[in-house]
Amino acid sequence: MLAERYQFIEASKEGLPAHLLVNIALRDRSHASAYPWLLTVSFPFTAPNEWGLCSKEESDRLYDCEDLLLEQLSSDEYCYLGHVSWNGSRDCMLYVGQPDGVLQKITLAMEKIPYKELKVTKTHDPDWSLTLQYFPVDDGQPPSC
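Each step along the sequence shown adds one to the number in our numbering, with nothing skipped, and position 37 is 37.
Just so you know, the hints here were simulated from the structure itself, not pulled from any lab data. It should be emphasised that the depicted structure is a prediction, and the values quoted were computed from it without experimental measurement. Glycine included, each C-beta is placed from N, C-alpha and C at the ideal position. Treat each hint with caution, since some may be false.
What the hints assert, rightly or not - Pairwise CB distance ranges, derived in the manner of DEER restraints:
no., residue 1, residue 2, range
1, SER59, ASP100, 26 to 32 Å
2, SER74, SER33, 25 to 31 Å
3, ASN49, HIS124, 30 to 36 Å
4, GLY15, PRO44, 15 to 21 Å
5, THR121, GLY52, 17 to 23 Å
6, TYR63, HIS124, 36 to 42 Å
Said to hold, decoys possible - With a cut-off of at most 27 Å between alpha-carbon atoms, the simulated DSSO-like pairs for lysine-lysine come out as follows:
no., residue 1, residue 2
7, LYS13, LYS119
8, LYS13, LYS56
9, LYS105, LYS119
10, LYS119, LYS56
11, LYS105, LYS122
12, LYS13, LYS105
13, LYS56, LYS112
14, LYS13, LYS116
15, LYS116, LYS105
16, LYS122, LYS112
17, LYS13, LYS112
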């Protein structure tokens, strides 16, 4: 089982507030070679507020949806980086070794989720450079999204 140490971070991204939940135990990127593909599952908010964020109730539902997706995968198939909520959606980010098999499982799980406009993107990112922006500079400093 990979190490997990989550940190909730309030930040700003492109001038809008962003709420991040990031597994800072992955900051050293020591697992990058085994999990070179970034899968991002984007959940659009049903009723974003004026700042593009969701209510606590919707956030709780989204946590349940993320859990449902991750329950379909075995723990050795992915590294869960965390999620970013901003600009009307939540992006759940995980790194995987074999994206096609994981995508099949995620697609099946999506049929059980009440959010019908989910978007999944697959990006080859062998050094995890796309997500470095989400890690805090140190445990006390917010990231530079």
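Going down the list of hints, with the structure as the test:
1. SER59 to ASP100: 26 to 32 Å: holds (30 Å)
2. SER74 to SER33: 25 to 31 Å: For SER33 against SER74, whose Cβ atoms are near 19 Å apart, the range 25 to 31 Å is violated.
3. ASN49 to HIS124: 30 to 36 Å: holds (35 Å)
4. GLY15 to PRO44: 15 to 21 Å: holds (20 Å)
5. THR121 to GLY52: 17 to 23 Å: holds (19 Å)
6. TYR63 to HIS124: 36 to 42 Å: Cβ of TYR63 to Cβ of HIS124: about 28 Å, so the range 36 to 42 Å is violated.
7. LYS13 to LYS119: Holds: LYS13 and LYS119 sit about 20 Å apart, inside 27 Å.
8. LYS13 to LYS56: Since the Cα atoms of LYS13 and LYS56 sit roughly 20 Å apart, the hinted pair holds (cutoff 27 Å).
9. LYS105 to LYS119: Given pair LYS105, LYS119 holds - Cα atoms ~14 Å apart, limit 27 Å.
10. LYS119 to LYS56: Holds, because 22 Å separates the two Cα atoms, which is no more than 27 Å.
11. LYS105 to LYS122: Between LYS105 and LYS122 the Cα gap is close to 14 Å, so the pair holds against 27 Å.
12. LYS13 to LYS105: Not OK: LYS13 and LYS105 at ~31 Å, beyond 27 Å, violated.
13. LYS56 to LYS112: holds (21 Å)
14. LYS13 to LYS116: This hinted pair holds, its Cα atoms lying about 25 Å apart.
15. LYS116 to LYS105: holds (16 Å)
16. LYS122 to LYS112: Roughly 21 Å between the alpha carbons, so the hint for LYS122 and LYS112 holds.
17. LYS13 to LYS112: Since the Cα atoms of LYS13 and LYS112 sit roughly 31 Å apart, the hinted pair is violated (cutoff 27 Å).
In summary, the structure is inconsistent with hints 2, 6, 12 and 17 from the numbered list given earlier, while agreeing with the others.
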